[in-house]
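J.: Keeping their order, the protein sequence lines are chains A and B. Residue numbering for the first sequence follows our numbering, beginning at 1 and increasing consecutively. Residue numbering for the second sequence follows our numbering, beginning at 1 and increasing consecutively.
These aren't lab readings, by the way, just hints derived from the structure by calculation. Incorrect hints may appear among the rest.
[Unchecked claim] Which chain B residues stay away from chain A? Per the calculated CB distances, all over 10 Å, these: (1) His29; (2) Glu44; (3) Phe96.
[To be verified] With a cut-off of at most 25 Å between alpha-carbon atoms, the simulated SDA-like pairs for lysine to any residue come out as follows: (4) A:Lys26 with B:Leu36; (5) A:Lys70 with B:Glu44; (6) A:Lys26 with B:Gly102; (7) A:Lys26 with B:Val73; (8) A:Lys70 with B:Gln41; (9) A:Lys56 with A:Ala10; (10) B:Lys11 with A:Gly40; (11) A:Lys26 with B:Gln37; (12) A:Lys70 with B:Glu103; (13) A:Lys26 with B:Lys15; (14) A:Lys26 with B:Leu60; (15) B:Lys11 with A:Lys26; (16) B:Lys15 with A:Lys69; (17) A:Lys26 with B:Asp63; (18) A:Lys26 with B:Lys78; (19) B:Lys62 with B:Val73; (20) B:Lys11 with A:Ser39; (21) B:Lys11 with A:Arg41; (22) A:Lys26 with B:Gln80; (23) B:Lys78 with B:Asp63; (24) A:Lys56 with B:Gly102; (25) A:Lys26 with B:Glu103; (26) A:Lys70 with B:Leu45; (27) A:Lys26 with B:Leu45; (28) A:Lys26 with B:Glu44; (29) A:Lys69 with B:Asn38; (30) A:Lys69 with A:Leu11; (31) A:Lys69 with B:Leu36; (32) A:Lys26 with B:Asp56; (33) A:Lys70 with B:Gly102; (34) A:Lys69 with B:Gly102.
The model shown is predicted, which means the values in this text are computed figures rather than measured ones. C-beta atoms are modelled at their ideal positions from N, C-alpha and C, and glycine is treated no differently.
Residue-level listing of the chains:
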Amino acid sequence: SQQGEEDPQALSIQEGENATMNCSYKTSINNLQWYRQNSGRGLVHLILIRSNEREKHSGRLRVTLDTSKKSSSLLITASRAADTASYFCTGRDAGGTSYGKLTFGQGTILTVHP
Amino acid sequence: EAGVVQSPRYKIIEKKQPVAFWCNPISGHNTLYWYLQNLGQGPELLIRYENEEAVDDSQLPKDRFSAERLKGVDSTLKIQPAELGDSAVYLCASSFGGAPTGELFFGEGSRLTVL
Chain A
1 SQQGEEDPQA LSIQEGENAT MNCSYKTSIN NLQWYRQNSG RGLVHLILIR SNEREKHSGR
61 LRVTLDTSKK SSSLLITASR AADTASYFCT GRDAGGTSYG KLTFGQGTIL TVHP
Chain B
1 EAGVVQSPRY KIIEKKQPVA FWCNPISGHN TLYWYLQNLG QGPELLIRYE NEEAVDDSQL
61 PKDRFSAERL KGVDSTLKIQ PAELGDSAVY LCASSFGGAP TGELFFGEGS RLTVL
């Protein structure tokens, strides 16, 4: 099952603007995580939000989680050219044979123009 | 602290040849993952180890792919024989803890090109 589907597929903004990416998932999760991937590199963990949390902040990042809608959003404020990357969300499966499994979506490609 | 180390970073082979990728996880991380990432796509899980036990290998094409994690530390992923469609980036990741709820730490990946 796809535990992370990002929207939009691509986002292009100017430096200084805010970037918002959305994520939907299908089954019950323990937590939801966002990762960043620069071109040609591995994924880097950005932030984790637990299923009993609704909002979390880390620096310029703000993540929300709505378990009733099975959705999350990632907001990057005051974006910089260095934020240009692909962003992935993924949920940790909460039970059954998929317990703990992390499944990634296709990601959102963010381009920040200087 | 050293991160997840993968080698080689790049590999070009002809189809039907064998290839192997190596991964050394972060010290103390008992969970190790191999993911495959096609261009423009997200990573897809191939296999997950808890220590030396493969607890999820349902997505591993066992006719040509094999993996091992001897002594529960580093791991090797092998493809024999390689096909054109195996061209992709193979990512290794590790995480800490018996309960698989934490974040993953990824290596830089091994990019395979099959000609």
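J.: Take the hints in turn and mark each one as holding or not.
T.: Hint check results:
With a minimum CB-CB distance of about 13 Å to chain A, His29 (chain B) clears the 10 Å threshold, and the non-interface call stands. Listed as outside the interface, Glu44 (chain B) is inconsistent with that label: its C-beta sits roughly 7 Å from the nearest C-beta of chain A, within the 10 Å cut-off. No Cβ of chain A comes within 10 Å of the Cβ of Phe96 (chain B); the nearest lies about 12 Å off, and the non-interface call holds. In summary, the hint linking Lys26 (chain A) to Leu36 (chain B) is supported, as the alpha carbons are separated by about 22 Å, within the 25 Å threshold.
Of the supplied pair hints, the one linking Lys70 (chain A) and Glu44 (chain B) holds, its CA atoms being roughly 21 Å apart against a limit of 25 Å. Between Lys26 (chain A) and Gly102 (chain B) the CA atoms are separated by roughly 19 Å; this keeps the pair inside 25 Å, and the hint holds. Proposed proximity of Lys26 (chain A) and Val73 (chain B) is contradicted: the alpha carbons are some 33 Å apart, above 25 Å. For the proposed pair Lys70 (chain A) and Gln41 (chain B), the alpha carbon gap of about 22 Å is at most 25 Å, so the pair holds.
At roughly 24 Å between alpha-carbon atoms, Lys56 (chain A) and Ala10 (chain A) fall within 25 Å of each other, so this suggested pair holds. This hinted pair checks out: Lys11 (chain B) and Gly40 (chain A) have alpha carbons roughly 14 Å apart, not beyond 25 Å. Only pairs whose Cα atoms come within 25 Å are accepted, and Lys26 (chain A) paired with Gln37 (chain B) is accepted, the gap being roughly 21 Å. A threshold of 25 Å between alpha carbons decides the hint, and for Lys70 (chain A) with Glu103 (chain B) the separation of about 20 Å falls inside it, so the pair holds.
Simply put, Lys26 (chain A) and Lys15 (chain B) have alpha-carbon atoms about 37 Å apart, too far for the 25 Å limit, and the pair is violated. Between Lys26 (chain A) and Leu60 (chain B), the direct Cα distance comes to roughly 23 Å. Compliance with the 25 Å bound is thereby established for this hinted pair. For the given pair, Lys11 (chain B) sits about 36 Å from Lys26 (chain A) by alpha-carbon distance, which is inconsistent with the 25 Å threshold. Note on Lys15 (chain B) and Lys69 (chain A): the hinted pairing is violated, with a Cα-Cα distance of about 45 Å set against a maximum of 25 Å.
For the given pair, Lys26 (chain A) sits about 30 Å from Asp63 (chain B) by alpha-carbon distance, which is inconsistent with the 25 Å threshold. The suggested pairing of Lys26 (chain A) with Lys78 (chain B) is violated, with an alpha-carbon distance near 32 Å, which exceeds 25 Å. Simply put, Lys62 (chain B) and Val73 (chain B) have alpha-carbon atoms about 22 Å apart, close enough for the 25 Å limit, and the pair holds. Between the alpha carbons of Lys11 (chain B) and Ser39 (chain A) the distance comes to roughly 18 Å, so the proposed pair stays at or under 25 Å and holds.
Of the supplied pair hints, the one linking Lys11 (chain B) and Arg41 (chain A) holds, its CA atoms being roughly 15 Å apart against a limit of 25 Å. The hinted pair formed by Lys26 (chain A) and Gln80 (chain B) fails the criterion: a straight-line CA distance of about 35 Å is larger than 25 Å. Between Lys78 (chain B) and Asp63 (chain B) the CA atoms are separated by roughly 11 Å; this keeps the pair inside 25 Å, and the hint holds. Restraint check for Lys56 (chain A) and Gly102 (chain B): the C-alpha separation of about 16 Å stays at or below 25 Å, so the hint holds.
Taking the CA atoms of Lys26 (chain A) and Glu103 (chain B), the gap is near 20 Å; set against the 25 Å cutoff, the hint holds. Distance check on the hinted pair: Lys70 (chain A) and Leu45 (chain B) sit about 22 Å apart at the alpha-carbon level, within 25 Å; holds. In summary, the hint linking Lys26 (chain A) to Leu45 (chain B) is supported, as the alpha carbons are separated by about 17 Å, within the 25 Å threshold. A C-alpha spacing of about 17 Å is found between Lys26 (chain A) and Glu44 (chain B), which places the hinted pair at or below 25 Å, so the restraint holds.
Restraint check for Lys69 (chain A) and Asn38 (chain B): not satisfied, since their Cα atoms lie roughly 29 Å apart, outside the 25 Å limit. A distance of roughly 23 Å separates the Cα atoms of Lys69 (chain A) and Leu11 (chain A); the hinted pair therefore holds under the 25 Å criterion. About 29 Å separates the Cα atoms of Lys69 (chain A) and Leu36 (chain B), which puts this hinted pair outside 25 Å; it is violated. A distance of roughly 20 Å separates the Cα atoms of Lys26 (chain A) and Asp56 (chain B); the hinted pair therefore holds under the 25 Å criterion.
About 19 Å separates the Cα atoms of Lys70 (chain A) and Gly102 (chain B), which keeps this hinted pair within 25 Å; it holds. Straight-line distance between C-alpha atoms of Lys69 (chain A) and Gly102 (chain B) comes to about 23 Å, which keeps the hinted pair within the 25 Å bound.
Hints 2, 7, 13, 15, 16, 17, 18, 22, 29 and 31 from the earlier list are contradicted by this structure; the remaining hints agree with it.
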